[in-house]
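Novice: Line order of the protein sequences matches chains A and B. Each residue of the first sequence is one higher than the one before, counting from 1 in our numbering. Each residue of the second sequence is one higher than the one before, counting from 1 in our numbering.
No wet-lab data here; the hints were simulated from the structure. Hints may be right or wrong, so weigh each one.
Which copy is meant is left open, so a pair is good if it fits within one copy or across any two.
[What the hints assert, rightly or not] In silico DSS-like pairs for lysine-lysine, Cα to Cα no more than 25 Å straight-line:
| no. | residue 1 | residue 2 |
| --- | --- | --- |
| 1 | K186 | K252 |
| 2 | K190 | K252 |
| 3 | K486 | K52 |
| 4 | K412 | K138 |
| 5 | K376 | K165 |
| 6 | K190 | K55 |
| 7 | K332 | K304 |
| 8 | K186 | K138 |
| 9 | K138 | K376 |
| 10 | K55 | K307 |
| 11 | K55 | K304 |
| 12 | K217 | K190 |
| 13 | K307 | K190 |
| 14 | K165 | K186 |
| 15 | K252 | K55 |
| 16 | K412 | K376 |
There are 2 protein chains.
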Amino acid sequence: MKNFHELLSRRQLLALVGRAAGGAAMYQAMNTLGFAASSAYSGRIELDGAPKGTKILILGAGMAGLVAAYELRNAGYSVKVLEYNNRAGGRAWTIRGGDEYTELGGATQRCEFDNGLYINPGPWRIPYNHHAVLDYAKRLNVPLEPFVQVNYNAYLHSSRAFDGKPQRYRQVQTDYQGYIAELLGKAVNKSQLDAALTNEDQEMLLESLRSWGALDKDFRYVSGMASSERRGFAVGYGGGLMPLAVPSTPYKRDELINSRLWQWLSSGNQQEFQSSIFQPVGGMDRIAQALYRQVAGVVQLSAKVTKINQSERGVSVTYVNANGQGGLQTAKADWLVCTIPLSILSEIEIAVGEPMQDAIHAVPYETSVKIGLQFKRRFWEQDEHIYGGITHTDLPISTIGYPASNYGSNGKGVLLGAYVWGANAYELGALPPEQRVRVAVEQGAQIHAQYPGEFESGIAVSWSRVPFTNGCFGAWTDVARERHYKNLCQIDGRIVLAGEHASYIPAWQEGAVLSSLDAIGRLHARIRATV
Amino acid sequence: MKNFHELLSRRQLLALVGRAAGGAAMYQAMNTLGFAASSAYSGRIELDGAPKGTKILILGAGMAGLVAAYELRNAGYSVKVLEYNNRAGGRAWTIRGGDEYTELGGATQRCEFDNGLYINPGPWRIPYNHHAVLDYAKRLNVPLEPFVQVNYNAYLHSSRAFDGKPQRYRQVQTDYQGYIAELLGKAVNKSQLDAALTNEDQEMLLESLRSWGALDKDFRYVSGMASSERRGFAVGYGGGLMPLAVPSTPYKRDELINSRLWQWLSSGNQQEFQSSIFQPVGGMDRIAQALYRQVAGVVQLSAKVTKINQSERGVSVTYVNANGQGGLQTAKADWLVCTIPLSILSEIEIAVGEPMQDAIHAVPYETSVKIGLQFKRRFWEQDEHIYGGITHTDLPISTIGYPASNYGSNGKGVLLGAYVWGANAYELGALPPEQRVRVAVEQGAQIHAQYPGEFESGIAVSWSRVPFTNGCFGAWTDVARERHYKNLCQIDGRIVLAGEHASYIPAWQEGAVLSSLDAIGRLHARIRATV
């Protein structure tokens, strides 16, 4: 729930609006104020009346497990967490210089980045509408800074268009929008539009197309000031007696349409990538680490769960030290919140009924590869004026992400040199880590010729080889959702599952947090109903 | 010029590319690396061989004057600056709590903002392609942070559409783009397009429209997952057993087109407002103040110039203390760089020839009003999830700008409550300051119902009443440019002018800086040719 002050002032306001203008205005105002907005996060959870001495065991100290531990302990439960890794955070993970990482198969990488530089192998951005994650950041005083998704000066690149040369986003965006407006304007002007538009509507549509598409007075999209003020000039505006500005020349329409570069124009229109969008200052693990500091005393790291049992009276979990040393240990509790990814959980014996068992085995996991590359200098800023944002390419590396921090600094810099999904991720992930890095440097050099001369070191995480997830995220199909999702999320005896895999926001921290809040809310109600 | 390291590595790279692929590839690579990019800033100025003992007087310590002082002194000249205000920076100006400001007409405002809160009455953003300003920020270690221009969760508002209720940018943007794509798709599908597209091109165009417009498989723009993932859901995605997501309903096409809300969709497509875009941390005056610290010893504040004279042997400027105390004083030098705005300079006697005289009198000055409003809390973030960015409205206030710093903080906040141009600016500016503030609060309340309850204090700057500029910026017409611009910029005897008014980038700091660099470069050459 919101704090008292916020709640009061909004309620007062709504009451005021409601009295003044009736119910419809009230709903409008509610929408405006965000009450009925498109987030499933309903505010801070409040769990009152935890039965004294009730013990809850939590498996996994990623975002879902940490939120569960934090909120259940605040509610008065006796909480214990078992975590496989020797750190908390799970996929909310940041690799920094000096970190070592051993993947499935045994290959160990040591990160050689300079102090302050990092790569987030998992999530790397927080949309403005991921209200739950943002609220935990706020409550725990984790500073955020803007992430840049769309950078008009970054590149769109196809190896099969424009001679394989990268093109600036601003040029592709301006020209595509301009030609679309021009084509539609022609159709309207020649009354070729079978769309039941009145003459007045047609006039207004044309006016909008001219403004929106940067068309000239005859509704043509051409080289000139209007288009160049968006796509950029051949020679820019200057001061004093500097040379006069020279407009740039748009792409040829059909070449642009056939380039397929338009496929990336809408990425920033997706709600999850729209501005404003954020990142924690210093690395994505900052929020998870802030949660961990709140509950560190009840978290046991390096604990590998081997079996999950339950009876009518409680739950019992056996585990070993993840380093392979020592024997079986057992943790007992009254209730269990299990946030272990299904890719791992499906390989552990767990005493739940057939519906949940089936659900646990019904969800395949996607893989992904992320590669961080350190360069001697921030050439993308110094040479190419690219400050943050993303370059998209049809090469297997798919994405180059520029750091959204320390803009203009003189030191070294780390790029996200590849962010790969699908078949390419399996292929790239099958290579030894150092070869993955080499591929990223070779392919990236087709976009940034400075790569070979400036590259220093890299680190490559292939999620299908990550020991603690054995994959990237739960890739639900519609059919599997229909059949298994509810069974996965029901409380089975004394066990409830949580994590991004138990949400409709897969792969995002928000899914893990909302899943956790929903699960512990229901578990709390069940416990209160049981005693 | 770039530093040696950068220059070397880029040259090496270009040589490499040139050898490997011939001249055309060389030019392509140059483009890619930014050499032929659309900025008139050619890198750091280097003025060698200043004749010993040569004195240069500079009038005005705004960005143009400060850059001139900094660079000319670095070059070895003996420099002195006279500045009318009792502070440096000119229009690069930040008003903070405790600051007092007296406008023409005598009204004095005292800023009551809390510590750390501010308003920039003048420039408030630095585009990524304003390379000169960015370079000075870098050289002087002024930290920058991203400015947010387009915020998909901010509002577009028309008092004459949608019952006067503000609409989210994301909804207007998604629906307009969707309907445009749908309309064009229909025309293509019915072969109503008289645009010489081959069948293959038509297929590709349709595919692009579906992707770009979030159309369904039949090329319709409808309520559903595709549109809601951009415009937002009625009920958002959740975790566990939270309610299922519910798509939102697009606006009616013709209502949207007639709303004119599309007029603001392209603001972020203009190169000067494209992401990435920056602001100095703590206020726009940080860069000017950093320059001032470099040259403070040669700047005389509170010096009001009354007459500018020159002979074949030197220049002579008379001035008084701006506070009205003391008598006439005289400053003499060999050469003069005058950065006084033409609106002021046209009222000062200056010994230049008729062409420059005519030019000085040929440029009318625009006005503008900016109003900063302090509120008890950051309700736009807390209630409405708006983090930075701009709301556009057809009300006279025109713009509401949300602070692009300290996101999520619990304290008070300052909005840009109005940013007004044109007739509305004259009308609003004619009111006493406290009434301007009241108007901003009343009009803003039509968009944010929280205004009346949360408002604390405001400050309103009307540029037509600003004593040191008597206007906002030089509003050149094409005809005036054609006739007078070169005459304004030529060196007249021993006098050269600089400032945004002597540039093709009016109203922007970049214009002032480029103008200054061009002017002092030519002056230096003239001086060297003269001795």
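Novice: Next step is simple, just say for each hint if it's right about the structure.
Specialist: Hint check results:
1. In this assembly of identical chains, the alpha carbons of K186 and K252 lie at most 25 Å apart whether taken from the same copy (17 Å) or from different copies (23 Å).
2. In this assembly of identical chains, K190 and K252 lie within 25 Å of each other by CA distance both inside one copy and across copies; the values are 23 Å within and 24 Å between.
3. For the homomeric pair K486 and K52, neither the shortest alpha-carbon distance inside one copy (30 Å) nor that between copies (85 Å) is at most 25 Å.
4. Taking identical chains as interchangeable, the C-alpha atoms of K412 and K138 lie at most 25 Å apart only when they sit on different chains, with a minimum of 15 Å there against 30 Å within one chain.
5. For a Cα distance limit of 25 Å, the shortest separation of K376 from K165 inside one copy, 24 Å, qualifies, whereas the shortest one across copies, 52 Å, does not.
6. When the C-alpha separation of K190 and K55 is checked against a cutoff of 25 Å, the pair qualifies neither within a copy, at 74 Å, nor between copies, at 67 Å.
7. Taking CA atoms no more than 25 Å apart as the test, K332 paired with K304 passes inside one copy only; the shortest distance there is 15 Å, against 82 Å between copies.
8. With identical chains, the CA atoms of K186 and K138 are never at most 25 Å apart, being 51 Å at best within one copy and 47 Å at best between copies.
9. For the identical chains of this complex, K138 and K376 are inter-copy neighbours only, at 18 Å across copies versus 35 Å inside a copy, given an alpha-carbon limit of 25 Å.
10. In this homomeric assembly, K55 and K307 come within 25 Å of each other (Cα to Cα) only inside a single copy, at 19 Å, whereas the closest approach across copies is 86 Å.
11. Within a single copy, K55 and K304 get their C-alpha atoms as close as 20 Å, which meets the 25 Å cut-off; across copies the closest is 77 Å, which misses it.
12. Proximity of K217 to K190 under the C-alpha cut-off of 25 Å is restricted to the intra-copy arrangement: shortest distance 16 Å within a copy versus 27 Å between copies.
13. For a Cα distance limit of 25 Å, the shortest separation of K307 from K190 qualifies neither inside one copy, at 72 Å, nor across copies, at 63 Å.
14. In this assembly of identical chains, the alpha carbons of K165 and K186 never lie at most 25 Å apart, being 31 Å within a copy and 33 Å across copies at closest.
15. Taking CA atoms no more than 25 Å apart as the test, K252 paired with K55 passes in neither setting, with 68 Å inside one copy and 54 Å between copies.
16. Proximity of K412 to K376 under the C-alpha cut-off of 25 Å is restricted to the intra-copy arrangement: shortest distance 5 Å within a copy versus 41 Å between copies.
Going down the numbered hints, you'll see the structure goes against 3, 6, 8, 13, 14 and 15, while the others check out.
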